[in-house]
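Listed here are the chains, written in short residue letters.
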Amino acid sequence: MAGVIGPGLGVEELSLLEKSLGLKKGNKYSSQGERKTPVLQANDGPSLTGLTSIAIHLVKQAKKEQLLGNTAEEKAIVQQWLEYRVTQVDKLSTKEDIRTILKDLNSYLEDKVYITGNNFTLADILLYYGLHHIIADLTVQEKEKYLNVSRWFNHIQHYPDIRQHLSSIVFIKNRLYNTH
Amino acid sequence: MGFGDLKSPAGLQLLNSFLADKSYIEGYVPSQADVAVFEAVGSSPPPELYHALRWYNHIKSYDKQKASLPGVKKALGKYGPADVEDSTGTGGDSKDDDDIDLFGSDEDEESEEAKKLREERLAQYESKKAKKPALVAKSSILLDVKPWDDETDMAKLEECVRSIQADGLVWGSSKLVPVGYGIKKLQIQCVVEDDKVGTDMLEEKITAFEDYVQSMDVAAFNKI
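One line per chain: the protein sequences are S and R, in this order. Per UniProt numbering, the very first residue in the first sequence carries number 1; after that it's consecutive. Per UniProt numbering, the very first residue in the second sequence carries number 1; after that it's consecutive.
Take the hints with a grain of salt, since some may be wrong.
In silico DMTMM-like cross-links for lysine to aspartate or glutamate, where the CA-CA straight-line distance does not exceed 25 angstroms [claimed, not checked]:
#1 R:K223 / R:E210
#2 R:K129 / R:D144
#3 S:K103 / R:E158
#4 R:K22 / S:E34
#5 R:K128 / R:D144
#6 R:K60 / S:E65
#7 S:K145 / R:E48
If the Cβ cut is set under 7 angstroms, some of the chain S residues that face chain R in the computed set are [as the list claims (entries may be wrong)]:
#8 E110
#9 V113
#10 N118
#11 L147
#12 R151
#13 H155
#14 H158
#15 D161
Keep in mind that the hints were calculated from the coordinates and are not lab data. Ideal Cβ positions, reconstructed from N, Cα and C, are used throughout, including at glycine.
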């Protein structure tokens, strides 16, 4: 499907990330194993395996270390959510799984603008890419149910250079009734 | 536009529901709009208004960059939901407009000559109008007559409606329009002379058949 990245398409996601970081194309990727784990083929030195390791490497290459968190605490949160992305979001299979994840995220994001709170980080980018195909399939009612996720997602997709060719997902607040 | 009094619980409530699906007051980046509202709010919103609180804390984190945030500060009433009337008294675009009398004339007093001319023209117009044959003003009305349930005999209902006779009232074509659940409403056309028959009188007479008619609406009213 055009404009959507499916789960496990790490390589495509990494080229999106490269572009959003303002890096020139030049890195070569391949995928490995059944789960198509992305591998970064380095010209010198050993190759890098795994989505998060490569993503962190790219951020450093782009000299945008602030995307990994400014304080020690923020850095830890970014790490934790990158791990969450790979171990939880990418392993979603049933509708029930998706509901659980969205519910968790929804309550987590209730008091936050970004994943780490007040700063935009790599965790936002990778969660956005990872959730895109899931959010795209939600119904209007579900989007409204997971209001905090929707707000965050809508915010990130409007962040410059992040969405690129991915489809823009429409969020509407149901105006048929008033919440206040 | 506007949130009303942001120091009041009602104003904060408005802000809270406004921010439920938004990260910032305007667009997708922090701007002077946020600063303006932030300053108006003044202190931390209560925890139960978590959308407002989240936004408040987030804007607080920009404290040092406040001045460098993009955008130009506008009056407080310019922000927020569009369906709320501005009560801050600062965004007074509409109030300004009220002061300008677009149709007012510059001179307060008509000059004598102009007055004469105007009277002359008025007289001319009056006489012209008098010569015209008096046209009977007529209207074509489309009525929706709703029965009580699907068991109401619609043929009888129509008969009842058509039995209403009045000077200046002519019944036209009718049809049954399905409403749902097997219920049909009667849509009937009639032509009335405005001076003789009014919709009030029609409604009164039609709803008088209370065994058949639940309610009656005027679906369309056109002057002929």
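Do the hints match the structure? See the list:
This hinted pair does not check out: R:K223 and R:E210 have alpha carbons roughly 29 angstroms apart, beyond 25 angstroms. Restraint check: the Cα-Cα separation between R:K129 and R:D144 comes to about 37 angstroms, which exceeds 25 angstroms; the hinted pair is violated. Between the alpha carbons of S:K103 and R:E158 the distance comes to roughly 57 angstroms, so the proposed pair goes past 25 angstroms and is violated. In summary, the hint linking R:K22 to S:E34 is not supported, as the alpha carbons are separated by about 40 angstroms, beyond the 25 angstroms threshold.
Using a Cα cut-off of 25 angstroms, the hinted pair R:K128 and R:D144 is violated, with the two alpha carbons roughly 41 angstroms apart. This hinted pair checks out: R:K60 and S:E65 have alpha carbons roughly 23 angstroms apart, not beyond 25 angstroms. Of the pairs offered as hints, the one joining S:K145 and R:E48 holds, with about 18 angstroms between alpha carbons and a cut-off of 25 angstroms not exceeded. Because the closest C-beta pair between S:E110 and chain R is about 6 angstroms apart, less than 7 angstroms, the hint holds.
With its C-beta approaching chain R no nearer than about 4 angstroms, S:V113 sits inside the 7 angstroms limit, and its interface hint holds. With a least beta-carbon distance of about 4 angstroms to chain R, the hint placing S:N118 at the interface is held under the 7 angstroms criterion. About 6 angstroms separates the beta-carbon of S:L147 from the nearest beta-carbon of chain R, less than 7 angstroms, and the hint is met. Proximity of S:R151 to chain R holds as hinted, the smallest CB-CB distance being about 5 angstroms (cut-off 7 angstroms).
Contact between S:H155 and chain R, as hinted, is supported at the beta carbon level, the nearest pair being about 4 angstroms apart and thus within 7 angstroms. Interface hint at S:H158: satisfied, since its Cβ lies 4 angstroms from the closest Cβ of chain R, which is below the 7 angstroms cut-off. Evaluation of the S:D161 hint against chain R yields a violated restraint, the C-beta minimum of about 13 angstroms exceeding 7 angstroms.
Checked against the numbered hints above, the structure violates hints 1, 2, 3, 4, 5, 15; every other hint is satisfied.
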